[in-house]
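Chains as they are written, first to last, in the UniProt record's numbering: chain A, 1 to 541; chain B, 1 to 372.
Simulated from the structure, these hints should not be mistaken for laboratory data.
Possibly wrong hints are sitting among the right ones.
Dumping the calculated EDC-like pairs for lysine to aspartate or glutamate here, alpha-carbon to alpha-carbon at most 16 Å [what the hints assert, rightly or not]: (1) B:303 x A:46; (2) B:212 x A:49; (3) B:273 x B:247.
Counterexamples of contact, computed for chain A against chain B with all Cβ distances above 10 Å [what the hints assert, rightly or not]: (4) 57; (5) 110; (6) 141; (7) 204; (8) 288; (9) 292; (10) 329; (11) 331; (12) 361; (13) 370; (14) 452; (15) 474; (16) 481; (17) 483; (18) 493.
In this text, a Cβ means the ideal position worked out from N, Cα and C, and glycines have one as well.
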Amino acid sequence: MPPLANAGQAPGPPDGGWGWAVVCGAFVSIGFAYAFPKGLAIFFKEIQDFFGTSYSEVAWVSSIMLATTYGADGKKRNQDLSIRDQARCRHPSLKVLSAAPQLPGPISSILVNRYGSRPVVIFGGLLCGIGMVSAAFCTSILQLYICVGFITGFGLALNLQPSVIIIGKYFLKRRPIANGLAMAGSPVMLCTLAPLNQFLFDNFGWRGSFLILGAILLHCCVAGALFRPIGAPTPPVKPQVTGKGKDALKEEVTEDAMEMGSPTKVPMEDKVEEEGGKACCEKINQYLDFSLFKHRGFLIYLIGNVLMFLGFFAPIVFLAPYAKHIGIDEYSAAFLLSILAIVDMIARPTTGIIANSKWVRPQIQYFFSFSIAFNGTCHLLCPLASGYTGLVIYAIFFGLAFGMVCAMLFETLMDLVGAARFTSAVGLVTIAECCTILLGPPIGGTLIDTFGDYKYMFIKCGAVMVLAGTFLFIMNYYNYRMLAKEEKERKAKEENPKPVRTENEGRNSWNKETTRDGPELEPLSKEQEGLKEEVNGINEV
Amino acid sequence: MPAAFSGKRPGLRLLLLLCLSLSGGSPADPTVTTQDASHSQANSLTKMQTGLNVSSPEPMTTTRTVNRQTQGSPSDHLTFGHNVSVPGPDLTTQEFKQETKEHVSNATFVEYEILLPGVSGTSTEKNITLDRATRIELSCRLDNKYSHLKSLQVTWKWGNETLRHINKTENSWGIQLRIWDNSQLGSYSCTLKGEEEMHAVFHLQVPKIEGKEKPIVSYEGDTAVMICKSYGYTPTAWTWYMTNGSEQVAINDSLLADKYVINRVSANVTHLKILKLTKEDDGIYWCEAGFELGKSKGKLKLKVLSLMVPLKPFLAIVAEVIVLVTVVFLYEIYSKKKEKCAADEKEFDQIEQLKSEESNGLENSSTRHRKI
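Could you put together the complete structure from these sequences and hints?
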């Protein structure tokens, strides 16, 4: 249990206790968001026959849903679209349709900023459930587009971001582990949903299955219920409160609430509402912090990730077709993807644990760049794989690399911008990334069609990712050095406060600076670890 | 299954046949020519077969189909009035005369061959799918390395009847057949007896239609669509049957137009749409594809469920979700209450402490403020 009872002592993120329940909820939530659209593919053949439509029209359901869901987050957008879907992605009208629902991204962020994670996730879960239940009674393919594509897709989108955000609120020291565990939900859910969907389909047909799936999706509401609002979202607030008086609570403020002359007693539980109330009064800048674009770390992350996503999903999409192309039968090709999912499942929490270790955590950005480059190298080596054994080895390494990258995707962003601005950061990142995510697999598909050979697609993906990894590595090295320099300056300033200022004001300005940049920017090097702990209020003085 | 088209001499054969049909030339010639052609093709077969794996039947068999279609209308095919009692119609002079007189010869010609493994006691089988009248040549060949085996007796049989007119070449024994009727399909076997005994069987059959093993699940009042596909061969007609008790009743969609809709979506695909489903529609359905040489059926199962069936698990899961959410919220309220009590207690203690600190001096409080 977070020590909320320590009045006057604003605790840092609990890093445990209820946090693990939150991780469970996030596991479920993220798992559904990523795995559910893929799992629906089993029903498409039957729906196609039933409505007498072409395959492409049915695949739009999946495309719309993916676009709506991942448009929210933008991650893994085309992950499981088949090659035919990819061809369709080049269709102009579909591109427009896919690009349009990128709105969920910032919408999720705005809603979370305003209302907190819990209501958004519960609402998202309800939306999913309603979407699927109404899909069970659809009488035309167009209605399916709306019910399954838009409504359920939007519901899943509302699940995804708040889950990631609330992990940042509940964890700091163990955040990489928490992130790794939560992201592991995706492959686990996929492995569970695939046979479950098949079972439901065999016993209940597609309509009955949609009905039951709607009920299953309501478990997102349960996950949302677990997302207990926590009143300590911004670390800079806490360190200042070392006293025990209730008056100290008055000064527990975020950058927003600093000007707020709020009541003295601010119970932790009401904190989010108060901040929400504050945000309501502020301008749009408080919903979506556009000042992030001036943030060095954020920009580095953005550019690196935009580059990376150009080559991230195409290999997964084309792995099975490539296997079939070199003569492997369908079931073995599908088994390759299963191997990938299983290795992915194990890799994510493991990466989380590794990333949390004291050697890696301070340099987590390097680890992230390394995993991207590793991923790229796998792709570059794939054309050398001959036969089924070679592809199995490739699938194992790819699963490993994929899991590593995914586990740290959000962790590194949190590390760069801090939990306070993470909400807005994630919303902004998704809008920016959506273009490359949309482009990635179609470019790969074009390469395959042009050259008639899959190896160019793998080379392209590998090259892009190695480039992205290297870029991130170099830029983060630069970033870390700049941060170290800034930290030194700050320390110097702290030791020599200007005489005109009172000590109090000096602290406040220092406080403001740290708030702006986020304490996570300071690498947890040994000499600064002590400082960081203070800043994050981990030390209970 | 005609696997490989050699296309080595189709043009030549086409030309030959065209000349023949136009000139009504000597019947012996085509026989000889055919024979020569088949011989030479057999030779090329030999060449093609070098290096093939002996153990598996598939690669051992090379087939070539030469399509010779003259201007006869599609429905015409070889009508010989041939006496069926003589099994395995072979190419006699008279028959061919008849054939050329009718100048209908749009039958396809296929050759199938099984390469016999030199091992005694083996039986190799091959399934051949025919959908229309075909002239077919089946041959059993022994690999060159076994040609040392002497005193080989080869018998061709159709069912129990022995066939004559075996075309023997150096290493292969073949028969030529003309299949135009369902009754001529079946199993043709060649047996090699000598020092070793080997057996090879060709199963001539109509194309198979696949239904669906898994039942199609649908609901009362809903529509069900059942699909049958023919792979590779175009049927002349599709018929749907439903099982009534133990009988198969043909479905007449013009009679019951608001219940059944049969739609031939493409040449090889047929759809049966059943509207307004009721419990009685539950059961087994058959789709029958009619080919020239016979009919073939595919089986489909339809299951009609009432809406209550999925509703039960649905409600169960929804109830579970509500219970879980309630439990979570109750636990939260409970733990908050606990914290509040603890907080109140602590507050009380802290207030006491403050009071004592205040009594010690202002300095302490200012320190606290400064730290903030």
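Checklist line | Ascending list of hint numbers which this structure does not respect | finding: Of the numbered hints, 3 and 7 do not hold.
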